[in-house]
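Which chain is which? The protein sequence lines are A and B, in order. Residues in the first sequence are numbered from 52 upward in steps of one, following the working numbering. Residues in the second sequence are numbered from 52 upward in steps of one, following the working numbering.
These aren't lab readings, by the way, just hints derived from the structure by calculation. Just to be clear, a hint being listed does not mean it is correct.
[Said to hold, decoys possible] Chain B stretches covered by chain A per the calculated footprint, using a threshold of three residues with CB under 8 Å from any CB of chain A: (1) 193 to 201; (2) 426 to 439; (3) 469 to 478.
[What the hints assert, rightly or not] Listed next, the stretches of chain A that the computed footprint assigns to chain B, with coverage defined by at least 3 CB atoms under 8 Å from CB atoms of chain B: (4) 273 to 286; (5) 486 to 495.
[To be verified] Some, not all, of what chain B presents toward chain A, calculated at C-beta under 7 Å: (6) Met101; (7) Leu104; (8) Pro157; (9) Gln216; (10) Thr350; (11) Tyr354; (12) Gln421; (13) Ala488; (14) Ala491.
All C-beta atoms, glycine included, are put in the ideal place defined by N, C-alpha and C.
Protein chains: 2
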Amino acid sequence: MAAHKVILDESEMPTHWYNIVADMPNPPAPPMGPDGKPVGPEQMLQIFSMPILEQEMSAERWIAIPEPVREIYRLWRPSPLCRAERLEKALGTPAKIYYKNESVSPAGSHKPNSAVAQAYFNKQAGIKRMTTETGAGQWGSSLAFAAQMFEIELRIYMVKVSYEQKPFRRSMMQTWGAEVLASPTNLTQAGRNALARDPNNPGSLGLAISEAVEEAAGREDTKYGLGSVLNHVLLHQTVIGLEAKKQFEKINVYPDMIFAPCGGGSNFAGVAFPFFADKAAGKKVRLVAVEPSSCPTLTKGHYAYDYGDESGYTPIMLMYTLGHDFMPPSIHAGGLRYHGDSPLVSQLLKEGFIEALAVPQVATFAAGVQFARAEGIIPAPESNHAIRAVIDEALNCKKTGEPKVLFFNLSGHGHFDMASYDRYLAGKLEDYDYPEAEIAAALDRLPKLG
Amino acid sequence: MAAHKVILDESEMPTHWYNIVADMPNPPAPPMGPDGKPVGPEQMLQIFSMPILEQEMSAERWIAIPEPVREIYRLWRPSPLCRAERLEKALGTPAKIYYKNESVSPAGSHKPNSAVAQAYFNKQAGIKRMTTETGAGQWGSSLAFAAQMFEIELRIYMVKVSYEQKPFRRSMMQTWGAEVLASPTNLTQAGRNALARDPNNPGSLGLAISEAVEEAAGREDTKYGLGSVLNHVLLHQTVIGLEAKKQFEKINVYPDMIFAPCGGGSNFAGVAFPFFADKAAGKKVRLVAVEPSSCPTLTKGHYAYDYGDESGYTPIMLMYTLGHDFMPPSIHAGGLRYHGDSPLVSQLLKEGFIEALAVPQVATFAAGVQFARAEGIIPAPESNHAIRAVIDEALNCKKTGEPKVLFFNLSGHGHFDMASYDRYLAGKLEDYDYPEAEIAAALDRLPKLG
Numbered sequence: 052m053a054a055h056k057v058i059l060d061e062s063e064m065p066t067h068w069y070n071i072v073a074d075m076p077n078p079p080a081p082p083m084g085p086d087g088k089p090v091g092p093e094q095m096l097q098i099f100s101m102p103i104l105e106q107e108m109s110a111e112r113w114i115a116i117p118e119p120v121r122e123i124y125r126l127w128r129p130s131p132l133c134r135a136e137r138l139e140k141a142l143g144t145p146a147k148i149y150y151k152n153e154s155v156s157p158a159g160s161h162k163p164n165s166a167v168a169q170a171y172f173n174k175q176a177g178i179k180r181m182t183t184e185t186g187a188g189q190w191g192s193s194l195a196f197a198a199q200m201f202e203i204e205l206r207i208y209m210v211k212v213s214y215e216q217k218p219f220r221r222s223m224m225q226t227w228g229a230e231v232l233a234s235p236t237n238l239t240q241a242g243r244n245a246l247a248r249d250p251n252n253p254g255s256l257g258l259a260i261s262e263a264v265e266e267a268a269g270r271e272d273t274k275y276g277l278g279s280v281l282n283h284v285l286l287h288q289t290v291i292g293l294e295a296k297k298q299f300e301k302i303n304v305y306p307d308m309i310f311a312p313c314g315g316g317s318n319f320a321g322v323a324f325p326f327f328a329d330k331a332a333g334k335k336v337r338l339v340a341v342e343p344s345s346c347p348t349l350t351k352g353h354y355a356y357d358y359g360d361e362s363g364y365t366p367i368m369l370m371y372t373l374g375h376d377f378m379p380p381s382i383h384a385g386g387l388r389y390h391g392d393s394p395l396v397s398q399l400l401k402e403g404f405i406e407a408l409a410v411p412q413v414a415t416f417a418a419g420v421q422f423a424r425a426e427g428i429i430p431a432p433e434s435n436h437a438i439r440a441v442i443d444e445a446l447n448c449k450k451t452g453e454p455k456v457l458f459f460n461l462s463g464h465g466h467f468d469m470a471s472y473d474r475y476l477a478g479k480l481e482d483y484d485y486p487e488a489e490i491a492a493a494l495d496r497l498p499k500l501g
Numbered sequence: 052m053a054a055h056k057v058i059l060d061e062s063e064m065p066t067h068w069y070n071i072v073a074d075m076p077n078p079p080a081p082p083m084g085p086d087g088k089p090v091g092p093e094q095m096l097q098i099f100s101m102p103i104l105e106q107e108m109s110a111e112r113w114i115a116i117p118e119p120v121r122e123i124y125r126l127w128r129p130s131p132l133c134r135a136e137r138l139e140k141a142l143g144t145p146a147k148i149y150y151k152n153e154s155v156s157p158a159g160s161h162k163p164n165s166a167v168a169q170a171y172f173n174k175q176a177g178i179k180r181m182t183t184e185t186g187a188g189q190w191g192s193s194l195a196f197a198a199q200m201f202e203i204e205l206r207i208y209m210v211k212v213s214y215e216q217k218p219f220r221r222s223m224m225q226t227w228g229a230e231v232l233a234s235p236t237n238l239t240q241a242g243r244n245a246l247a248r249d250p251n252n253p254g255s256l257g258l259a260i261s262e263a264v265e266e267a268a269g270r271e272d273t274k275y276g277l278g279s280v281l282n283h284v285l286l287h288q289t290v291i292g293l294e295a296k297k298q299f300e301k302i303n304v305y306p307d308m309i310f311a312p313c314g315g316g317s318n319f320a321g322v323a324f325p326f327f328a329d330k331a332a333g334k335k336v337r338l339v340a341v342e343p344s345s346c347p348t349l350t351k352g353h354y355a356y357d358y359g360d361e362s363g364y365t366p367i368m369l370m371y372t373l374g375h376d377f378m379p380p381s382i383h384a385g386g387l388r389y390h391g392d393s394p395l396v397s398q399l400l401k402e403g404f405i406e407a408l409a410v411p412q413v414a415t416f417a418a419g420v421q422f423a424r425a426e427g428i429i430p431a432p433e434s435n436h437a438i439r440a441v442i443d444e445a446l447n448c449k450k451t452g453e454p455k456v457l458f459f460n461l462s463g464h465g466h467f468d469m470a471s472y473d474r475y476l477a478g479k480l481e482d483y484d485y486p487e488a489e490i491a492a493a494l495d496r497l498p499k500l501g
């Protein structure tokens, strides 16, 4: 058997992030206020520090990764590129399957790639405190780790129902020194309003965002950190795909298809964007974003201006959306339960550079278990979406005899998701009907422009 | 800052395990029956297959790691050797701190190093089924992973109280396809006896061992797998220290002191034994086993023949012991709650080649949190024992100004131990008084020889 892992030396770690905006044929549409006018920097600077805002607006192709960020990255990066040869054998496919193992970070997912950068740039800008929100806790734990590395105080608004039902991600955040509050709180107007309406409000991601943003906007020393969707977050994640390109070069292989789970878009962007330039230059590579069929933003949503959050605090952005107040079913891949998608990912789909497909929940867990039994690692429920798509394509190759090279992002491990595996193994996991009526109704409530 | 990790290529992975018996000045004392006569192979073969028994008895210095075992090792090995430079800075010590990161295995600890070997050799011997026991689940999940890799059926007797209170390690074992039963069961005589005495018996590790051994002894197609203590288990773990030696050679560094947690002994043996030969040849290196002060086998036990299990099913072995029916306090480092210690480790301590020290529980968690906040990784409670000892030594170096090279085994991550971190962070974790009376009483019940 061939080597399982392709490893880069720390000295081979990318020195720059890749900004896809420089290579997109059309410039991205600007975020706008509800009045239909582009949002000015002064509004954004209320919640983001200047270096973050500069990256958000930049059209430079390469943006340097500062040495202090690289120092923290080196705690786990470069991450391995692995050949899933045992899975290939189990499937009997002629396809070659590779994955980038992002589960090796301290927080157990790709999320720290941006969290570390955000903590560093805020620290550089003299910021002492940050706020953020978290649902199941992948992003919250990543920013908790990162904030500790740069000695930034962090307050995390954690959706109350997760705070109570998933205590161990909370413990992780606290171990790294973050303050974790069950949202809604009575510390913000948004929280107080929600509690006035319902003292037993279980919270929601949209509400937690509103609390974190409100606090950051109201305090000079405090900025907000977001885990996906925005350009600068996607930028930071490109370290994944840039490493993967070097790793593929070392073994003289180039992927035919690249798969990643897609919720807000940073996972997909991280692995796929660095290959986009090759594709734009004529290279044949298919980039496939995989989403849950119960929250089918890219495959069933509208391409329209919409709010990033449920309550309409954020600017409106041009993206695929199911409507900002669409409430996705309670699937176990919490990281993919988002009504919208990154504007950059959305535009690439609209313009035909990438593809999207949707897969149902039970089949994703079946894929995750099959992967674990072949390759060892128990994947995060989000990652199982990519694995499902890869296995389906590999089985297709078995029929056609094509030895395609399939590559996916193993974005995280499932150590904090074992209750979901339990439900799957007990046959209690459900698929959800495509929530057609709810999506149609939510799309009717999209903001009306001009 | 220097590179954080020293990485070996897969081609540099050791080809042989190191058998310390070949280099020990005195041969190990043989296991005996309660009659005081050495145990014959026919008794051992009831529960172990021939290749395992051969390794258990071998005095060959090098034992080849078969290619199929190396193939599975490559899923995560070679593991990184890391420099904890951020921890050094936080401590302000002139000491240099290195650790071997064994948390990167699919099961999250060093345990698969032996589990994979045991599954392979049993498969080679035509064995279709294995049994084992597990407490908190580190060993059970490792053998579940390994058995799945070689398509061996596995039944795990999991201590009932852990089965109910720590469901996620159980989910992991089931994800890898193992059958997990809450022990005591009514499938074995040992279980039925225990249930007859108390239908609500919460189980114990000793009882679970008895069930697993009884089943293996009674079925031709089934053998038993043990996670520590015995010579062959320690042998398999030496891949850790052998890799570390190569990694230190690459950076032209040699450790002054090596630390590892010590429960049954395989963790310590894995990292320290390969350095023993150098030490025996005159090299100055101190090998330090770190145990909990509430279960101080090496520091307060007797060096005597005793049973390996609570109920006296196993042969008696010459080792440090607190008495086979001593019940250690319920500390959170479940892997270190063992009344005895490996005969090989015990003999090395008795003969003055290694050192042992005991540390209290709360201080180990303080060390773990300090490590997590400097280096990112949240360690397993067992690993925190080594970290406590390393930090204390590094602080000592700060006083003396000595730039010692300190090396320890980060044997696992704490992702399934966050409830313990919760208790620590909430100030609810307890230290236990040294259980002097209980240990004295248990030592009085040691088997009488001759």
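Going through the hints against the structure:
no.: 1; hint: 193 to 201; in the structure: holds (count 3)
no.: 2; hint: 426 to 439; in the structure: holds (count 4)
no.: 3; hint: 469 to 478; in the structure: holds (count 5)
no.: 4; hint: 273 to 286; in the structure: violated (count 0)
no.: 5; hint: 486 to 495; in the structure: violated (count 0)
no.: 6; hint: Met101; in the structure: violated (27 Å)
no.: 7; hint: Leu104; in the structure: violated (28 Å)
no.: 8; hint: Pro157; in the structure: holds (3 Å)
no.: 9; hint: Gln216; in the structure: violated (14 Å)
no.: 10; hint: Thr350; in the structure: violated (29 Å)
no.: 11; hint: Tyr354; in the structure: violated (39 Å)
no.: 12; hint: Gln421; in the structure: violated (11 Å)
no.: 13; hint: Ala488; in the structure: violated (35 Å)
no.: 14; hint: Ala491; in the structure: violated (38 Å)
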